[in-house]
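Chains as they are written, first to last, in this note's numbering: chain A, 903 to 1062; chain B, 903 to 1062.
Treat the hints with care, as some may be off.
Which copy is meant is left open, so a pair is good if it fits within one copy or across any two.
Derived SDA-like pairs (lysine to any residue); straight-line CA-CA distance at most 20 Å [as the list claims (entries may be wrong)]:
no., residue 1, residue 2
1, K950, Y971
2, K993, V916
3, K1042, R908
4, K944, T1059
5, K961, R908
6, K961, D933
7, K1061, E985
8, K1014, E1051
The hints are simulated quantities; they were obtained by calculation from the structure and are not laboratory data.
Number of protein chains: 2
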Amino acid sequence: MDCIIREAEIQDMVNVLALIKELANFENEPDAVVIDKSDLIKHGFSEKPLFKIFVAELKEEIVGMVLFYPRYSTWKGETLHLEDLIVKQEKRSLGIGKALYTRFLEYAYEQKVKRVEWVVLDWNKNAIEFYKKTGANILKDWRTVQMHEKALNEFITSKK
Amino acid sequence: MDCIIREAEIQDMVNVLALIKELANFENEPDAVVIDKSDLIKHGFSEKPLFKIFVAELKEEIVGMVLFYPRYSTWKGETLHLEDLIVKQEKRSLGIGKALYTRFLEYAYEQKVKRVEWVVLDWNKNAIEFYKKTGANILKDWRTVQMHEKALNEFITSKK
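Same shape as in the complex, but just chain A (with noise of 0.2 Å):
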């Protein structure tokens, strides 16, 4: 397969949104996404750069990306965070997934981090079973917390 796994420049984000469209309305959540291409210029290539990514070229054709960041461990130290990982509907069952996946790994272990992390859907089995086999561990009894911006507006608000 000619596919070829590249570092994602400033003209691939027109494409990398459009990726992430499809995801958000293949998830029935198609107006979850608020984020435009300029938000993904000014945050993955500015000075200090929020994220790194890489794209999957296949015939010219941006199929597929993995976008992740660094986080810190106050127990390990540097850590890097796999956000996203896409590949197009079309062209998935081709091993794209895998080659960003492994490309991922490979930079984290070129950074020389203590961990890399990411989150996965309980359901979602098949993708458990893979992460597994390549040695990840499925922490079961942690759960994630978000506080939106809505309710991070009323909890400041209502302290003032």
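Given the structure of chain A, go ahead and fit chain B onto it with the hints provided.
Positioned in the frame of chain A, the structure of chain B alone reads:
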């Protein structure tokens, strides 16, 4: 209560490390902390710091800290992650944890991030109730996946 919440400085890192180790001891994992003071200084006070810390100071003693860093949502944009909130065992129930939590949320509000997040153990009902009261959501179906340095090295080596 004469508790001051302020940004941590380099000279606080000896006390911050002591708090991190106290928590690891309390969780019966005294050997889990592999970072030292110089790592905290290198990673938190460089040109591109990996995290930011607020400390709680009570009668000139550091009695608590909250450590956090930026993350990125491909749907919402800039977010902040609360990695650790620690209060010295003998200074609990004085409102110090809530003061640190509130200061973190104020900072997030000032930074205009789209979301803040963290993780909680699913059996920690008191913490979960507290978070919910402040407007946070607990995500029930997402699981954290981690691959540690050793497994990462094995995965990469097996590919070569």
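Hints, verified against the model:
| no. | hint | result |
| --- | --- | --- |
| 1 | K950 - Y971 | both (11 Å within a copy, 13 Å between copies) |
| 2 | K993 - V916 | within (18 Å within a copy, 51 Å between copies) |
| 3 | K1042 - R908 | neither (34 Å within a copy, 35 Å between copies) |
| 4 | K944 - T1059 | neither (29 Å within a copy, 36 Å between copies) |
| 5 | K961 - R908 | within (14 Å within a copy, 54 Å between copies) |
| 6 | K961 - D933 | neither (30 Å within a copy, 50 Å between copies) |
| 7 | K1061 - E985 | neither (32 Å within a copy, 23 Å between copies) |
| 8 | K1014 - E1051 | between (34 Å within a copy, 8 Å between copies) |
Hint check: violations occur at hints 3, 4, 6 and 7; the rest are consistent with the structure.
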